[in-house]
Amino acid sequence: MAMDMMKKVPVREQDPQVRAHNFEEVCLGYNKEEAEAEALRCLSCKNPRCVEGCPVSINIPGFINKVKEGDVAGAYAVISESSALPAICGRVCPQESQCEGKCVRGIKGESVSIGKLERYVADTAREMGIKPQGASEKKGKKVAVIGSGPSGLTCAGDLAKMGYDVKIFEALHKAGGVLVYGIPEFRLPKKAVVQKEIENVQALGVEIETDCVIGKSTTIDALMEEEGYDAVFVGSGAGLPKFMNIPGEQALGVFSANEYLTRSNLMGAFSEKSRTPIMRAKKAVIVGGGNVAMDAARTALRLGAEVHVVYRRSEAELPARAEEVHHAKEEGIIFDLLTNPVEIHADEKGWVKGITCIRMELGEPDASGRRRPVEVPGSEFDIECDCVIMSLGTSPNPLISSTTKGLETNRRRCIVADEGTGQTSKKGVFAGGDAVTGAATVILAMGAGKAAAKGIDEYLSSGN
Amino acid sequence: MFRIERVEALSSNIYLMDVYAPRIAKNALPGQFLIVRVDEDGERVPLTICDYDAEAGTVQIVFQTVGAESYRMAQLKVGDSFADFVGPLGRPSDLCEMPLEELKKMKLCFIAGGVGTAPVYAQLKWLKNQGVTADCIQGARSKDILIMEDEMAAVSNLYICTDDGSYGINGNVCVALQKLYDEGKRYDRVIAIGPMIMMKFVCQLTKELEIPTIVSMNPIMVDGTGMCGACRLMVGGEVKFACVDGPEFDGHKVDFPQAMQRMALYKTEEGRLYLEAKEGASHHGGCGSCN
Chain B
4 MAMDMMKKVP VREQDPQVRA HNFEEVCLGY NKEEAEAEAL RCLSCKNPRC VEGCPVSINI
64 PGFINKVKEG DVAGAYAVIS ESSALPAICG RVCPQESQCE GKCVRGIKGE SVSIGKLERY
124 VADTAREMGI KPQGASEKKG KKVAVIGSGP SGLTCAGDLA KMGYDVKIFE ALHKAGGVLV
184 YGIPEFRLPK KAVVQKEIEN VQALGVEIET DCVIGKSTTI DALMEEEGYD AVFVGSGAGL
244 PKFMNIPGEQ ALGVFSANEY LTRSNLMGAF SEKSRTPIMR AKKAVIVGGG NVAMDAARTA
304 LRLGAEVHVV YRRSEAELPA RAEEVHHAKE EGIIFDLLTN PVEIHADEKG WVKGITCIRM
364 ELGEPDASGR RRPVEVPGSE FDIECDCVIM SLGTSPNPLI SSTTKGLETN RRRCIVADEG
424 TGQTSKKGVF AGGDAVTGAA TVILAMGAGK AAAKGIDEYL SSGN
Chain Y
474 MFRIERVEAL SSNIYLMDVY APRIAKNALP GQFLIVRVDE DGERVPLTIC DYDAEAGTVQ
534 IVFQTVGAES YRMAQLKVGD SFADFVGPLG RPSDLCEMPL EELKKMKLCF IAGGVGTAPV
594 YAQLKWLKNQ GVTADCIQGA RSKDILIMED EMAAVSNLYI CTDDGSYGIN GNVCVALQKL
654 YDEGKRYDRV IAIGPMIMMK FVCQLTKELE IPTIVSMNPI MVDGTGMCGA CRLMVGGEVK
714 FACVDGPEFD GHKVDFPQAM QRMALYKTEE GRLYLEAKEG ASHHGGCGSC N
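Going down the list, the protein sequences come from chains B and Y.
Each residue of the first sequence is one higher than the one before, counting from 4 in the working numbering.
Each residue of the second sequence is one higher than the one before, counting from 474 in the working numbering.
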């Protein structure tokens, strides 16, 4: 195959016209030929900058070299040294700002498609039935992990590999956290990918108890004092949705993105089989510009709506990954940028019938370094719609911090934890992921889970 | 899995079950609720807790068949299990946090309507164990759908009323409360749990009578841990989540018309699923509207 070494081997995707009407995965991934051709583009740098860009420091040239040789099992073993969830990360990591953002190939041409290669290795290894290796010797110490999202699964997997007895406590009825309730099927298949990676973590000896809300069903103090856990990792995420506090937000048809996505993803409401209802809107307005907003927009589209994304800044400031915005546009989602909602209108029965927005323009940079959007006086206009989905970010749930003695939080209600070890203000209790940082990415949460596993091992080995 | 250890039909469409769920049994307090799922495709259904036995590890629930999920729940037998049974959720009643001396001085009147009787029972029983016997008005439309009369009488000074006058005081719970008031009863607090419409009218009356009133809200929920915001309601002009800020609120501050309107969100969909669960199909073609 003649190829341009400056360019990525393109990845096959479902046609936008077709996928706008189904929940199957958008990206189809590389096959063997494509993956090996892409792997050949890796320069195997002596000082691989891509590895620096990876929050869990995967030996990227190491696994890509194995792909070049056609050795998928070998490549999987290299990745497994650093990551327990490669099929997930290959799909949802913001590679463009991490590993691929640092790739030397990217200076003149396009960077190596590291994410797609990682996904190829993980998917192929799964099809081949390869499982990660568990610990040969047990340490005889128990660790409780709270939350089965990316940070919890990573922390649990690493600790199990070191020989600890690990049990994960999950509040919902299914393990996976945001991977299950937040990220839609068409970006991250639940049965084929998430479930299998969780099974891999279980294969390392990790137990999972679902339907257990720490802070309610039991407490961290009870786990340590009554159930004999020697250490606890809190990876409970950032689950509380924010609203705008504008008039009309209580109208029927206004949802948090969390609710809308939880109904569709966790409860499977997009499928006829599920008995959980979801609103199939005619015209939906999504407020916000992050990845969650894109997920909500593309879900509403697939459920039959014309979808408008209303965002107060301009395209350059959209916090969502470029790939997600690109996919959303391809599917026909309309972006109303520099626009901010002012009021939601309801009909006489309380159902949403429209939303008044105001035009914005960019002023001076604010604390975040981005230019602050300011209202253009008198520019209000109405968008007719029957559904509004608020995707304005989330904050940590106080359920755990408010029920654990001596666990310090900051003014944003995030748990205070040491970045290097995850150690909190309470002895034996570690934390990481969105519960500490506020809403961030899957891979950053995994990095924190990894660091905490090391921190917990040091604590339990030294007793302090 | 959460095994069902006892099933009892309390009326033609109200059921009582004891379910093995040791974590909830150990940690539950009056005022809290739980969420159940019948099976893998089921909805998450919030239910109030009627009783709990930490030693046996069982939790008692009482529910009415009002939709597809509760209809399916009613089909379960002893030995069957719920796919999911999670809790205790929400904040316990304020009464649980009050110093006992203060609690003993309070004149309390509970008002229980329909299946709201179950969570009221949990509170009355807890109070009785603290040495406090409260008054309770229990309302039903008619004598034949009155539930748990003996149990309620054992833990409170019970006044029963029926809308059709077939038993006890003739009239609804508001009529009964007014009657007690007219007879000279004075209360420091009313705690009303039942259908939203009942709680709304109780609050209208207690506002006139100037009795502080607590209600237990039961809006649409998904996760029950504060994550989705489906259960949000306005209380005193502020947005509150029933699942984590409640379910009990100051009844005089709750925006009932809005809360009741929000209950309509999935009505059509629910009705369709109920018919499907009950009759195997949701479309009969009999009404002629589909032509």
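It should be emphasised that the hints constitute simulated quantities derived from the structure, not laboratory data.
Any given hint could be a false lead.
[To be verified] Each pair of labels, with its calculated beta carbon distance range:
no.: 1; chain 1: Y; residue 1: M733; chain 2: B; residue 2: R416; range: 28 to 34 Å
no.: 2; chain 1: B; residue 1: P322; chain 2: Y; residue 2: R476; range: 42 to 48 Å
no.: 3; chain 1: Y; residue 1: A626; chain 2: B; residue 2: G307; range: 52 to 58 Å
no.: 4; chain 1: B; residue 1: P322; chain 2: Y; residue 2: P730; range: 48 to 54 Å
no.: 5; chain 1: Y; residue 1: D514; chain 2: B; residue 2: E346; range: 27 to 33 Å
no.: 6; chain 1: Y; residue 1: T741; chain 2: B; residue 2: R416; range: 35 to 41 Å
no.: 7; chain 1: Y; residue 1: Q548; chain 2: B; residue 2: P322; range: 44 to 50 Å
[To be verified] Stretches of chain Y that chain B covers, calculated by requiring three or more beta carbons in the stretch to come under 8 Å of a beta carbon on chain B:
no.: 8; segment: 506 to 519
no.: 9; segment: 700 to 711
Glycine included, C-beta positions come from ideal geometry on N, C-alpha and C.
Status of the hints after comparison with the structure:
The hint said 28 to 34 Å for the Cβ distance between M733 of chain Y and R416 of chain B, and at roughly 32 Å that hint holds. Our hint of 42 to 48 Å for P322 of chain B and R476 of chain Y holds, since their Cβ atoms are close to 47 Å apart. In this structure the supplied range 52 to 58 Å holds for A626 of chain Y paired with G307 of chain B, their Cβ-Cβ distance being about 54 Å. With their beta carbons about 38 Å apart, P322 of chain B and P730 of chain Y fall outside the hinted range of 48 to 54 Å.
Checked against the given bound of 27 to 33 Å, the beta carbons of D514 of chain Y and E346 of chain B, roughly 38 Å apart, lie outside it. Checked against the hint of 35 to 41 Å, the C-beta distance between T741 of chain Y and R416 of chain B comes to roughly 38 Å, which is consistent with it. Between Q548 of chain Y and P322 of chain B the Cβ separation comes to about 47 Å, which falls inside the hinted range of 44 to 50 Å. Chain B is given as covering the segment 506 to 519 of chain Y, and this holds because 5 residues of the stretch bring a CB closer than 8 Å to a CB of that chain, at least three being needed.
As drawn, the segment 700 to 711 of chain Y meets chain B at 7 residues by the rule of a beta-carbon pair under 8 Å; at three or more, the given contact holds.
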